[in-house]
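Input sequences plus hints: build the corresponding full structure.
Protein sequences, first through last, are from chains A and B. The first sequence: position 379 = 379 (my numbering), numbered continuously. When you read off a place in the second sequence, starting at 1, and then add 1000, the result is the number in my numbering.
No lab work stands behind these hints: they were computed from the structure. On a predicted model such as this, the values are computed, not experimentally measured, just so you know. The beta-carbon is built from N, C-alpha and C at its ideal position, and this holds for glycine as well. Wrong hints could be hidden among the right ones.
Below 30 Å or equal to it, Euclidean Cα-Cα: the simulated DSBU-like pairs (lysine-lysine) are [what the hints assert, rightly or not]: (1) A:K115 with A:K171; (2) B:K1055 with A:K587; (3) B:K1055 with A:K601; (4) A:K568 with A:K579.
Some chain B residues near chain A, calculated using beta-carbon distances under 8 Å [unchecked claim]: (5) T1007; (6) A1023; (7) G1025; (8) V1026; (9) V1046; (10) L1048; (11) D1059; (12) A1096; (13) A1100; (14) K1103.
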Amino acid sequence: MLQMVWLIPALPLLGFVLLLLVGPRLGEPNSGRLATLMAASSFGVTVAMFFALLNREPEEREYVKTLFTWIPAGNLTVDFGFLADPLSITMALFVTGIGTLIHLYAIGYMHGDPKFSKFFLYLNLFVFSMLMLVLGSNMLVTFLGWEGVGTCSYFLISFWHTRDSAATAGKKAFVTNRVGDWGFMVAMFFTFQALGNLDYLHLKENAHSLSNTTAAAIALFLFIGAAGKSAQLPLYIWLPDAMEGPTPVSALIHAATMVTAGVFLMTRAASVLHVVPEIGTVIAIVGALTALFAATVAVAQNDIKKVLAYSTISQLGYMFLAVGSGAYVAAIFHMVTHAFFKALMFLGSGSVIHGMHNEQDMRRMGMLRKLMPVTAITFIIGWLAIAGVPPFSGFWSKDEILLGAWGKSPVLWAVGLVTALLTAYYMTRQVIMVFFGDARWESHAEEHGAHGDFKPHESPWIMLAPLVVLAGLAAVGGGLNLPFTHGTKLLEQWLEPVVGEFEHHSSVTAGGKFGLAIAATVASLIGIAVAYSIYEKKRRPAIEPEILARGWRYDEVISSFMGGPGRKLFEVTALADAKVVDGLVNKIGNDTQDIGNIIRKIQTGYVRQYAAGIGIGAVLLLVWFVSRGVL
Amino acid sequence: MLAVQTTPTWYLVLAAVVFAIGAVGVLIRRNPIIMFMCVELMLNAVNLSFVALSKALDDIAGQTVVFFVLVVAAAEVVVGLGIVVALLRRQPGATADDVATMKG
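Here you go:
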């Protein structure tokens, strides 16, 4: 049964190829249906794999399917294979599951787009690449998928490439990701140097034999790769701009799946991190800072998708905080619940944007719950989940992370707690601005004069169905890993064979855990209450400082640095390149040409001169031979 | 009757003289047909020396080589005259120096 694991990525690949060949002929909506069918069948196969794995003994839940030897080069042998273990199947389950829902949603959202079939072609290619990433049995196959999702992300961010901002955002994402990819590659070089093998299972068993320096280098460079892909400080800048892409893309790639690849990678490298806990500390600090930083920026954003984008960065920071604290199960748990509620909220915001005729500014929304009841209710469930209100899913996973952070350091826990408060605050602000308060869209109706009487409308069922499913998952997703008894920690037991031996178990007593949970809940409720009094009751003026709205001017600093001193530096390098490197090459070329110009004069084209040359040459040779006594 | 005995040296001197006439002709004349004839002179001077030495050394191989030279010369004339005809058709009265278009 498990040998069919290759089918999981093969089905979306088939969908991609079919759409490439007959996509434009299928048109709308059949090309979308084909892509959805492929994603759904891939999900079906993944479910089958899950049960096949579940039937085995926990310690035997590892299966490698090698398709062929990919690179046989000297002592470097890389197989093209897939690894089915609890971690990869967990990832594949939510990638294909949420992927299918978002495909379905996109059929409605992309209605009427001239490039309808191309959109689904990219989506299927993305799902294929993402599955390669999570299922690869060694780092290089993962890297192949890693680059694939980066490319698809680029294609899809700049999907509406006639819009200047979309084209620029795509480039920004691509270039920033390259920085991270470099880290991943260097980490692979180090791994091969030290172990002579890139297989994950080999790495897991032999990581303890690595020297401290090597392990630190591998972990650090892997983290640079992860920080690029998962939008951590200082490489987060591409993700807010990536919101230029169509909303289903934001939900699938920039919230639920691709951006969590970094967390997945670090979890795969748990054995290496186990050798060097210092790097874990670095990761935890970067994660906590990113979480806090992005949360502060999110409180002052007015674009409905920008709020969610910064929120995603913040939640990813949470996951890295967990990874750095050795709480891998909590990281994966939060990754899954986050995929549920963040995909839900992105799709919900897409539904709002759709209903508002492409309006994204929350200042022009309000009171939409009357007109879009299903979107509003599902969005509110997502809000409760992310804000950490019990018993919604986000509460349980966030609590696990905060518990892990407490075990690492109370300072990290405090940063996480403040972030939780801010998260509850800005999400409440968003929900009130969009679904409650005054209906501010009426005063802007004349801007949409073409529509006559402008009125937001609820989206079609094909967009609402995924929302309802995701809302259900976001509500009960916490059930995956309830912290009451060992028996209710389903996810922890499931992931035990992969990360169990590297997991850092906290020594907090049951009462202590309860106290931490209460603190987190109180923080959430304070955040909600403050936002409620500001935005609903309007008792206090809004706190939206300019500097936060501009993301602490981080982008501007980079731009002005790159435009000023940075540019001068690059110009010097460019000059050195033009003068030294190119100069040398050009000098050789020019000299060759000059010499040729002199020698070419000999070739007069007069046949009699050539004959004379041959004759005189023959005579001279003869004289030489005779005088030397050769003849 | 002059009792002069012809020795191979005579033939070799004659061959050298004919070869020199041919070589100088190739170098100083510009008419392609004349140049061709001069090349033929050079080839036949060599043939003459081959035959003379073959007789003197009593070795038939020298005469065999002559046949090869004749065949090659015939082939060369065919190609050469073809070029000359094509050239003169294109540019009547052209000399060898007029076709120096392949100069560097």
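Verification of the hints:
1. A:K115 with A:K171: With Cα atoms ~20 Å apart, K115 (chain A) and K171 (chain A) stay inside 30 Å; holds.
2. B:K1055 with A:K587: 63 Å, violated
3. B:K1055 with A:K601: Status violated; Cα separation ~47 Å.
4. A:K568 with A:K579: Holds: K568 (chain A) and K579 (chain A) sit about 16 Å apart, inside 30 Å.
5. T1007: 23 Å, violated
6. A1023: 6 Å, holds
7. G1025: 10 Å, violated
8. V1026: 5 Å, holds
9. V1046: With a minimum Cβ separation of about 13 Å from chain A (threshold 8 Å), the hint on V1046 (chain B) is violated.
10. L1048: 19 Å, violated
11. D1059: 20 Å, violated
12. A1096: A1096 (chain B) check passes; min Cβ-Cβ to chain A is 5 Å, inside 8 Å.
13. A1100: Where the cut-off is 8 Å and the nearest Cβ of chain A is about 3 Å from A1100 (chain B), the hint holds.
14. K1103: With a closest approach of 3 Å, the K1103 (chain B) hint holds.
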